[in-house]
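Assemble the complex: chain C is given as a structure, and chain Y must be docked to it using the hints.
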Amino acid sequence: MSTMSSLSSLSSAPHETDELRELHDELRAVASELLGKTGSDGAADWHLIARAGWLGLEAPEAFDGADATFAEVAVILGEMGRTAARGPYPAVAVLAVGALNLLAPEAGRDRLFRDTVAGSVVPVVVLGGEPGAETPFRLTPAEDGLRLHGTAAFVPDAPEADRLLVPAVDPDGMIAVVDVDPHAPGLTVTPQPVVDATRSFGRVAAEGVAVLPDAAWRFHGDCRDAVRRLRDRAAVAVACDSLGLSEAMLGATVAYAGVREQFGRKIGSFQAVKHACADMLVQVTVARKLVAAAVRSQAQDAADAAVAASMAKSYTCAAAVDIAGKAMQLHGGMGYTWESGIHVHLKRATLNRALFGSPAAHRKRLAERYASQAPDVSGV
Amino acid sequence: MTALLGPGAVSGDLDGFRAHVAEWCRTHIPPDWRREQTGVDDEEFVRFQKAWLRELRDAGFAVPHWPTKWGGGMSVARQIVLYQELARHDAPRLVLSFVSLHHAASTLLAAGTDAQRERHLPAILDGEIWCQGFSEPEAGSDLAALKTTARREGDAYIVNGQKLWASGAMHADWCLLLARTDPSAPKRRGISYFLMDMRSPGVDVRPIRQATGESHFCEIFLDDVSVPAANLVGPENAGWRVAQETLGTERGLTMLELAERLGNGGFRWLVGQCARPGPDGTRPLDDPLVLDRLAALETELTGLRALCTDFVSDDGPGPADASIVKLYYSELLQRLTDFATEVAGLTAHTELRKPLSSGWESGAWVLDFIGSWEWTIPGGTSEIQRSIIGERGLGLPREPTGG
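These protein sequence lines map, in sequence, to chains C and Y.
Residues 1 to 380 in the numbering used here are what the first sequence spells out, letter by letter.
Residues 1001 to 1403 in the numbering used here are what the second sequence spells out, letter by letter.
There may be inaccurate statements among the hints.
[Stated by the list, open to error] Here's a subset of chain Y near chain C, in silico, CB distances under 10 Å, partners left out:
1. G1272
2. Q1273
3. L1291
4. I1389
5. G1393
These are computed hints drawn from the structure, not numbers from a lab.
Here a beta-carbon is modelled for each residue, glycine too, at the ideal position from N, C-alpha and C.
The following block holds chain C by itself, in its conformation from the complex:
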């Protein structure tokens, strides 16, 4: 118990005001209870999630939202990682709400925003989890409107979607977001089962899907920038998940090392075990700082948001695999059993590492900033 309380006390960043800290603690406690009931075996009831207000955290009040920020969504995401929760919450709260906020007001978009917050519809943005072009979808002109073509793989929660929001390049070369029914003729969503059983992905293929002119919505700012920002949000969201699951794995390992005895001693008293746990705490602590900075710059739409996102994603998602791996190792034979559940977190951590940009891909993006560096001769 003392371990868990000291761990959670470390997770509140000093940048938060007391009021905000209290709000986040409360949100965390509610999330922990709601998600903890279901665990990783099934998804929490969507209407409960809607009623808790989680879907509308970032939505404007006009659409019954809370007008809060990504920082509050991040608290829920961390708890989802901790409990290895299932369900399309990240897809909806991070990408769909994120996209709706970036789209210009329009009757159809406004209606969907309100329905999303109410939980009566589950919209999914068709952004593939693998790196690629800004969007693989194209809109072509037709006699009675437009036609949508293209394919995206590894779209999070596409099989659960009852609406698809597809970023697509229109005949003018601008990116619009097309509102499509997953059951529309010409559109197929094929589930892509993965080793991590807590996740759902689909391959979305559009072959000349008819699009009514009022179903292609515009971003209110630069459309390419908007898509980049959505990808950064997705990357930071995955980092939040990996941080939460790392904290859970460290907590479980410390608890186990404090009760399991071998050679007549608690195994946590052996330096080999203790020092491994210490390294896990150091990694978790550094990851918390990087994730907090990335969440903050998302919430404030800061100039360095992309840099902070790449740092948080690359460090945290790589560290989470180390930490979950060490957790399995330190739990010994028990850790390797299906029953222990450590494998659930390890698989999730491994998947997170590859989702929305590998650590290497994000570091490559960071390193683009060094190219202009002149040889420094003042140094030596």
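Below, chain Y alone, put in the same frame as chain C:
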């Protein structure tokens, strides 16, 4: 104080303060100091350090972390800006007075008497140099096993023993000394904390040559040294507690400067190093593996800087936070200087001397790398830090103690 810039003396935002520091750096940092201070003798090193301390003091930049009353009181946000700008403009570091400005001051502020503070804090700002007499030949990681004794005789304690790894002791005026006052008590409860005048009869200092070839670590031999009882810090036999309480907090404060130095100085130089064409004409920056390592290091440095900032800003840091900061900095410094040495190739091995007064990342990468063990070993080895993190930070069971 002749400070032009005490706390709040310059109103306005951080940007204004940054511009002020930058302008000060442009007009006060001795040009070409690196070249001039490379290979100089001890006398010149001490002269340069004392002159630089006076410059910083007069600007109000020497002890921003001290309380306002003693000439500090700068907000953490401003301290970060100050350290960033000093690093960015490649200012010399206060190496000689590091123990004075940090360890001695924090001990006096936390546990000293008013008379001790009045006597030493202004003197430190005037250049009084301190060293630390903690470790001994038989008391390294197990510091509480120290054997140096202090026997009460009238108004004084008579000290006998041997201290080791006292950085800068050959230049020191005063020493923070731990000595055993009750040999019969359990080892942590029989230790007292003293302020010892290094000019006292019976003090003999001998430099030890270290792995880098420099000799700033010393042995101190203590032969019937008389330390006035008024120089006791805290109660008799409470020295262990005083040392624990003052050093943990202190560790974080010193790290703020070092982290900004590594982030703004060290990393920038490393990227500059990677932009230099090698003998075959290609630049390390053209190698994707190099770029990947650089981005990983920059990410870790960003984490380190946030760690240090939050540690200093937080009202209630966790019980192992100081150890996390020390461990992470030490090993990151080692990784960075190791990588820089590798990237810089054989040419780096021709840098035979470090510029004195420079940081732990001086750009003489091979010596910087060798010197990085001066962080992973002293002040509690990385192994000791991991045990502290495991036990105090995570509540894991203690190792059974022998004997």
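Agreement of hint G1272 of chain Y with chain C interface, Cβ distance less than 10 Å: Result: holds, 2 Å to nearest chain C Cβ.
Status of the hint placing G1393 of chain Y at chain C (closest C-beta pair under 10 Å): Constraint on G1393 of chain Y satisfied, holds at 6 Å.
Hint status (Cβ of L1291 of chain Y to nearest Cβ of chain C, threshold 10 Å): At 4 Å from the nearest chain C Cβ, L1291 of chain Y passes the 10 Å test, so the hint holds.
Hint check: 10 Å Cβ-Cβ cutoff, I1389 of chain Y to chain C: With Cβ-Cβ at 4 Å, under 10 Å, it holds.
Hint validity - Q1273 of chain Y Cβ closer than 10 Å to any chain C Cβ: OK, holds: Q1273 of chain Y within 10 Å of chain C, min 7 Å.
In the structure shown, no violation is registered for any of the earlier numbered hints.
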